[in-house]
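The listed protein sequences derive, respectively, from chains F and U.
Its first residue numbered 1, the first sequence is counted upward by one per residue in UniProt numbering.
Its first residue numbered 1, the second sequence is counted upward by one per residue in UniProt numbering.
Derived, one-sided and incomplete: chain U residues facing chain F with beta-carbon distance under 7 Å:
1. ALA27
2. TRP30
3. GLU31
4. ARG35
5. ARG62
6. ASN65
7. GLN68
8. ILE72
9. GLN73
10. ARG76
Simulated from the structure, these hints should not be mistaken for lab results.
Note that beta-carbon positions come from the ideal geometry of N, C-alpha and C, so glycine has one too.
Chain residues, written in single-letter form:
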Amino acid sequence: MGPFNVQIRTGFSTLAAHLYNLYENYQLVERDLAEFHVQISPARLIKKPFSPYARFFLDGRSLFPPFPAEQALAALEWGINLAIATRINHLLLFHSAIVERNGYAVLLPAWPGSGKTTLCTALVHRGYRLFSDEFGLMDPGREIFLPLPRLMPLKNESIRVIRNYLPEATLGPEIRNTHKGTITHVRPPNESIARSGETAKANWIIFPKWVPYAPLRLDPLPGSEAFLLLASNSFNYEVLGETGFQAVTHLIRSCRCYKLIYSDFDAALTAMNALTDDI
Amino acid sequence: MTYKPPAHHRLLLNAVINPASLVEYNAAEWELLLRLTRRVKLLARLAIDLKNRGLLDQIPLRAANLLQSSLIQAKRLQQVAHWELNRISWALKDTDAPVIVLKGVAYSLAGLPESGGRIYVDLDILVPKDRLSHVESILRKKGWVNHHKLSAYDEHYYRAWSHEIPPLAHAERETEVDIHHTISPPTSRLEINTSSLFSAAVAVGNSGYRIFCPADMVLHSAVNLFQNNELADDLRDLLDIHDLLLFFSKNEQDFWKKLTERANQLNLGRFLFYGVYFSRLIFQTPIPENLENDLNEKPTALSRMIMHYLVPQALFPLHPDKHFRRALAARTLLYLRSHWIRMPIHLLLPHLAYKTYLSIFRGKAVARPVRG
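For reference, chain F alone in the conformation it holds in the complex:
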């Protein structure tokens, strides 16, 4: 997927069936090395000997406590994200959704109440190409973004919202009682996966915020504020040191920054289309 190859092993046939359905558009890797080797294996808890539990392993090491076996898909997706976030430093990793339109990337950074995954899901079913709903992967030397189109986890109320708004979207099973509540994964549109080798420069940074019943507002945001919000929300900004500082500086200088308040997808889409038509 995107710039990374992932090897997944599991003995759980339900997980395998979900993956077969949700991952079917990805290419199988032959004769190339995989960066990440993950495994979901059965686990038994002494305290709960009769409930099926499972464990996530990265290169044979367990990264977090065992979880109920029916949450395997959520744990797998989360574990792969964790692996990327802890091991990758040759790219700057923003905590941000990224979509592309008219050849340029739009950053939708995470911040409290952003609902970036939900907005991102709506956008990529309405003409935008998915880069990622979680990781803005930037090559700091070339100042370009790399797509990493992975499953998009919707949480709680967002699931019903997306089912109503996008009946055509392919959704995975509803996974209940995770530490984030109920989760369902959206399969990325086929085209986003097929074109995951096509990088792009960024042109817009939009900090979205979903506020119930609020009228739409799209206000310019000062570069200094955008810088702090973006840098402090990056997974490895501090690890990259000066490289990270230079990269974010260039990024802010070359992008137009906005704050978007919305309550309704159609209005947000109209505003974002107008913005991204103006290159």
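Starting from the known structure of chain F, fit chain U onto it as the hints suggest.
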């Protein structure tokens, strides 16, 4: 005796000894090599070996990216550890308590050429036991706090049985500071002449920092590996010994003679024996052949034979996809050995029982016997 490693050990060893040969590795070999190297904390080391030879662009791009990633992380960890040392020495500037910098940070202060690729996650310092509470109270006054939440048992473990106090960290930073008062647990049968280590310590230029003299640095490294550690996946620590021996034998006059004399003086010959024995066996370190003859204390022939078979099995990482039963057994035996030599049996059995109890009923491990 020679060492005939299995294929996946050979793959890793060849990469460390002869990095130039890595341009010949195919994708499958790289994939296994990267996993093994990460397991033994040598990814950044491999990266710097290839970078110094200008070979990073002659290997598969995916491998180069992972190596770069770990090198960037290593640089960052080195930066924050050195900054922590700067802050510690600022906090202690008005005391007369001598401080010696240990391990990773000390290797880089000593100018070890490979230290740029070494990952170290904490700062280790040594202070005399009679100044320990003084130093600790100053640091606590100036913003350092317990790095982890400690149970009463953990606290007791550190204070009574360990050679260091519970780790500290400054409230505004992440870096762990381990403050030692000697180099081996007081519960072990080893008697360390700590004051002699202090009087032989050397200044690092005019930085104000002090580190062990070259011989003591090697001896500490050997004691740490063969007395304090459990040896599993500790290949990096043996490579430290190899690097130190190469570096000091090139740059210090009469280094080998000083080293054996110092080992005899401190009664640490047994650890130096294992250090040079395995460094030579695995990394083919050019060490004078009869060096061991000059040591007063040596392991018995039986100990040597057992260690010869067990140690490499533990130091090298397990194959990530197939576990060799022999390697697992070797690791278990060396794990038990590491506890056995650190604690007398009347302390050891209750400690292991308590650890087992907690791992089952609290779902987390407690103070594992402290490393280093």
